[in-house]
Amino acid sequence: MIVNAVLVIEGVAIILLAILVVGLLRSNADVLRALHELGATEPGGTGSGRRHQHAAPEREGSAPDVAGSTLTGSAVHVGVTGAQHPTLLAFLSTGCSACVGLWDGLKTGVGRIGSDDTRIVVVTKGPEAESDSKLRELAPDGVSLVQSTEAWFDYEVPVSPYFVLVDGPSGSVLGEGSAGSWGQVSSLMTQALADAGTVKRDRLDNGEFRADAELRRAGILPGDPSLYQEERPE
Amino acid sequence: MRSAGIDVAVPQGWDGEIYRREDELSVQSAGAVSHPVVHLGTFPLPPGRGDFGSGAVEIMSSDDLLVVLFEYGRESAGSALFARKGIPRVAASDFGPNNMQRPIAGQSGAQYFFNQAGRAFCLYVVLGAHARRNELVPEVNQVLAGLTIDPQ
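Going line by line, the protein sequences match chains P and F.
Using this note's numbering, the first residue of the first sequence is number 1, and each one after it goes up by one.
Using this note's numbering, the first residue of the second sequence is number 235, and each one after it goes up by one.
Heads up, a few of these hints could be off.
[Stated by the list, open to error] Cβ pair distances, simulated, as ranges: (1) F/Ser327 with P/Asp104: 22 to 30 angstroms; (2) P/Ser181 with F/Ser327: 49 to 57 angstroms; (3) F/Gly340 with P/Asp195: 50 to 58 angstroms.
[Claimed, not checked] Selected chain F positions facing chain P (in silico; Cβ < 10 angstroms): (4) Pro245; (5) Gly250; (6) Phe277; (7) Leu279; (8) Glu292; (9) Asp297; (10) Ile321; (11) Ala325; (12) Asp328; (13) Ile338; (14) Tyr346; (15) Leu378; (16) Gly380; (17) Leu381.
Since the hints were made in silico from the structure, they are not lab data.
Glycine included, C-beta positions come from ideal geometry on N, C-alpha and C.
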């Protein structure tokens with residue numbers, strides 16, 4: 001009788017432990033999935049998530065043009081990919097406190113961003129999501145402004161303010177990120193351009209690393225013993 | 235891009251805008267009438283430009299194109315000036331430096347008046363380089379092929 005009771009208790013305990021283990025495994029899987037979506041790198045892994053600072057995103061295809069409306073209600077289309085110049089898309093909002101200085105800066109001049117011919121286009125969400133009167137107060141003269149909620153989705157804008165620098169001829173995103181001042185934007189984009197240039201310099205047009213090509217021309221191929229020479233004995 | 239019964243397939247990389255211009259004669263009357271103006275350019279269209287592209291043509295390079303569609307009052311649609319029916323297609327031979335609203339060295343323009351869907355329009359096209367008209371004109375016709383005008 002006592003033996004039977006012990007067996008029953010043991011069985012219940014085993015079942016409870018099994019449920020606990022399954023629960024822990026599921027919880028662990030959820031945490032890993034969330035980390036992956038945030039772009040965190042697993043120990044020993046390569047990290048394939050989307051980065052939010054400096055580097056160009058792994059977006060399919062070329063950057064889309066921006067279509068929406070102006071403050072006066074006109075339909076407007078801004079060419080981004082295929083243009084002869086880089087375009088800096090400044091995703092700003094009337095409601096974000098971090099954007100105030102950036103709106104002011106647009107009125108006084110933001111200086112050089114990226115290259116001299118970079119075109120700055122301010123993109124706010126559509127009229128349904130912005131204060132029309134506030135936007136009229138903040139919007140600078142002489143700078144293109146497009147109201148387009150669609151563009152915020154197209155460029156997967158995570159926060160405001162947010163900036164995306166697009167190379168016109170190729171349509172590739174050179175850099176993107178959030179910044180609280182035009183000085184920071186300039187720094188962010190300069191770094192992104194430098195990073196892009198470094199990558200370009202290290203690889204040839206066919207994608208081969210320049211160092212590999214030079215070694216191949218010298219007759220040194222992968223596996224060549226000269227690459228693995230042991231140190232000379234002293 | 236669509237507004238005021240005008241639909242334009244803007245080519246990738248081009249700028250475009252459809253805005254309304256108040257009729258100068260009706261501004262002083264109680265019922266002000268406005269007419270749409272369409273601007274399409276292969277370059278960044280500057281804010282504050284004129285209806286026929288002043289302020290924009292000055293910054294065009296030799297590769298650039300500007301297409302302007304300017305609507306007149308509906309009552310004009312039956313007049314002799316707008317007798318041509320349908321959205322025109324342009325030819326390189328139509329362009330000349332003297333067809334510009336204000337001549338700019340190297341550039342050339344062409345102007346067409348027509349009616350479509352009971353509405354009266356002027357199509358005005360500027361080429362960044364007259365010397366390149368044979369290369370640039372097919373691009374204009376490609377854009378015009380993607381233009382539709384509804385009766386409203």
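Can you list which hints this structure breaks, lowest number first? 1, 3, 8, 10, 11, 12, 13, 14, 15, 16, 17
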